[in-house]
Amino acid sequence: MSEPILELTNVKTHFPVRRGAFLRRAGGTVRAVDGVSLTVMRGEVLGLVGESGCGKSTLARTILQLVPATAGTVVLEGRHLTGAGAKVMKEARRRLQMVFQDPYASLNPRMTVFAALAEPLVVHRLCPRSEVAARVADLLTLVGLPPRFGSKYPHEFSGGQRQRIAVARALALQPALIIADEPVSALDVSIQAQILNLFGQLVRRMHLSLLFITHDLAVVKHISDRVAVMYLGKIVELGPAAEVIERPLHPYTRALVSAIPFPDPDVERTRHRLVLTGDPPSPLHPPAGCAFHPRCPFAQERCRTAVPPLARAADDREVACIRVDEISSSDPV
Amino acid sequence: MPTLHRRPSSPPSLKCSPEAFLLPFPSSLTPFLPSFSLPVPLLEINDLRTWFHLRDGIHRAVDGISFALEKGEIVGLVGESGSGKSVTGLSLMSLVSQPPGRIEGGSAVFSGVDLLRCPAAEARAIRGRRIAMIFQDPMTSLNPYLRVSEQVIEPLIIHERISRAGALRRAVRMLEAVGLDDPARRLHQYPHEFSGGMRQRVMIAMALITGPELLIADEPTTALDVTVQAQILDLIHRLQRETGMAVIFITHDLGVVSGLCDRVLVMYAGRIVERGDVRDIFRQPRHPYTRALLRSSPALQPKGVELATIPGLPPDLARLPAGCAFAPRCEVATELCRGRDPALQEVAPGHATACLRVQAGAI
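Chains as they are written, first to last, in my numbering: chain A, 1 to 333; chain B, 1 to 363.
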């Protein structure tokens with residue numbers, strides 16, 4: 001019986017925009033995350049997909065309290081992180097770790113691999129000094145690197161190897177949940193496959209929970225149990241990964257799935273495609289009503305005024321679209 | 001949407017087959033002879049080698065590639081980082097910094113002119129006018145200090161005798177042709193006022209305004225969101241159909257190649273390892289590297305199954321192994337593979353591979 005590791009309730013992260021160099025008058029608000037509620041269960045891989053500007057990276061930073069939430073609550077294993085003091089956060093960081101997108105920027109170039117992996121163990125006093133070397137060797141082996149690599153510096157490694165080191169560092173504290181923010185986007189396809197397999201193995205062996213943020217639907221379908229689709233700060237669809245991607249219900253998810261070129265000429269050249277017009281909107285000037293309505297092929301008058309709630313649309317599926325029952329099987333108007 | 005200004009192709013094609021002049025038959029019988037004109041490839045590359053002379057050694061970024069591109073063809077140049085695909089495009093455009101790069105050898109004949117050996121003035125007349133290139137990152141490829149108008153008319157001012165007013169009129173039509181709304185107003189804006197997808201459209205407008213016969217597109221959609229990528233790929237496809245230009249599309253994305261390209265060249269460690277029609281490459285890949293790439297693609301693998309991976313790393317281009325460059329990572333390599341340097345050889349009509357074992361019919 002699985003229990004929730006992370007619970008987000010109506011989380012909002014808004015950034016005020018100040019115009020002018022001297023007077024600093026208020027110029028509006030960037031609603032980067034605008035009311036997100038999510039639960040990640042123990043041992044689950046939850047994928048979070050969306051394009052640039054949708055707020056997925058800001059959501060990751062908000063969960064970690066690297067950026068304070070403007071509203072809502074973030075609860076990790078029953079403990080409130082929002083508004084928590086330094087002591088609570090230090091405890092929480094043992095249980096919650098992050099792997100970043102850019103393997104060239106996320107490792108300190110002046111620290112050896114050994115130093116980078118030993119640091120969390122020492123800071124959190126997880127084991128006596130005499131055991132640190134053994135633990136670091138274990139971590140490197142866990143991610144498929146030989147322990148002798150500990151004496152090297154990050155610049156001596158390739159992107160894929162650095163990402164493995166970043167994963168080893170995240171695992172050092174034996175967290176309950178790892179947030180991976182586009183961990184394979186900067187890597188070649190063949191190396192991507194190695195890192196994805198690694199994540200899969202770790203999740204299974206260590207019963208780890210993983211919040212996997214990416215824009216790549218093929219990757220998210222492969223590795224995730226459930227997937228949440230974000231658009232302009234809100235979740236627009238949530239459900240089992242394979243289901244959502246094979247039978248998307250929200251018009252944006254349908255367009256997103258359709259936009260992905262499929263690596264098979266016979267399929268790719270004959271399939272029906274839904275190509276969106278226009279550009280993704282700016283979170284500084286969100287459209288009224290449903291944020292997607294200006295680009296939505298199914299939009300009607302009421303979509304311009306009503307903000308659709310994320311509601312149950314089928315077994316295991318939540319969709320934020322007031323027309324979802326009418327449009328699921330028809331082609332665009 | 002207006003169709004694009006298209007320069008007439010040169011040289012003019014022959015009106016009758018060359019053979020008619022050689023045979024001693026009376027002219028009344030020539031209609032009975034099969035008449036065909038040999039198609040001259042638009043671009044013929046032969047043994048192109050571009051090496052970088054760096055402190056730690058000579059990096060053989062492109063190490064002997066040969067292929068022919070027909071008029072109006074869309075060819076995909078596929079490979080991972082370090083495969084040499086971008087350097088190939090840059091070499092054709094004389095954009096490789098020399099030093100430390102150097103075109104060590106080979107030829108690239110475009111419409112009778114060897115791009116690698118012609119005088120600089122001739123290269124300048126071709127580059128930007130008859131061959132155009134678009135790049136990956138539209139954020140850094142446009143000059144942030146100049147209005148879009150100045151950048152889009154620049155190729156016209158340089159290559160054609162045209163007034164500024166005339167050039168601006170053509171620029172507005174071009175922006176409309178690439179799908180930008182309100183083109184007359186947009187023309188006078190700065191790049192930072194455009195989104196990524198729109199900047200890429202501006203770059204495509206700049207590239208195509210002179211009506212080139214060949215477009216080299218170096219990962220033009222990699223930095224874009226997937227829904228915007230779909231729009232840009234559609235745009236390139238439509239423009240190609242309207243103008244009949246040839247396209248060399250450089251990418252690592254097999255999905256993009258499936259949708260857009262007629263033929264595919266797979267590159268590894270500076271060489272072409274497989275070449276063929278797009279359907280043949282995907283249905284029956286004939287090189288272990290191509291097969292491994294397809295097997296490691298999450299889109300093609302069932303959920304839950306571990307992805308096939310290619311062990312190890314791409315080779316150091318300054319220290320290439322003897323024999324086949326892929327052998328150290330190849331699961332079916334034999335001693336022969338490690339000893340002999342394979343050449344690209346046709347194993348089926350239009351389908352070539354640089355794998356000794358496939359050439360021998362073993363796999």
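It is worth saying that the hints were derived from the structure and are not from the lab. Hints are supplied without guarantee of correctness; some may be wrong.
Said to hold, decoys possible - Quick look at which bits of chain B chain A covers, simulated, 3 or more residues with Cβ under 8 Å:
(1) 161-170
(2) 219-233
(3) 349-361
To be verified - Computed footprint of chain A on chain B; a stretch qualifies when at least three of its residues, placed anywhere within it, have a C-beta under 8 Å from a C-beta of chain A:
(4) 269-282
(5) 305-313
Don't be surprised by glycine CBs; every beta carbon is placed ideally from N, CA and C.
Hint check:
A stretch counts as covered by a chain when three or more of its residues have a beta carbon under 8 Å from one of that chain; for the stretch 161-170 of chain B and chain A the count is 0, and the coverage is violated. Residue count for the stretch 219-233 of chain B with a Cβ under 8 Å from a Cβ of chain A: 8. That meets the three needed, and the coverage hint holds. Interface restraint, the stretch 349-361 of chain B with chain A: violated (0 residues with C-beta to C-beta distance below 8 Å; minimum three). Counting residues of the stretch 269-282 of chain B whose CB lies closer than 8 Å to any CB of chain A gives 3, which reaches the minimum of 3, so the coverage claim holds.
For the stretch 305-313 of chain B, the stated coverage by chain A holds: 6 residues have a C-beta nearer than 8 Å to a C-beta of that chain, and at least 3 were required.
Checked against the numbered hints given earlier, this structure breaks hints 1 and 3; the rest are met.
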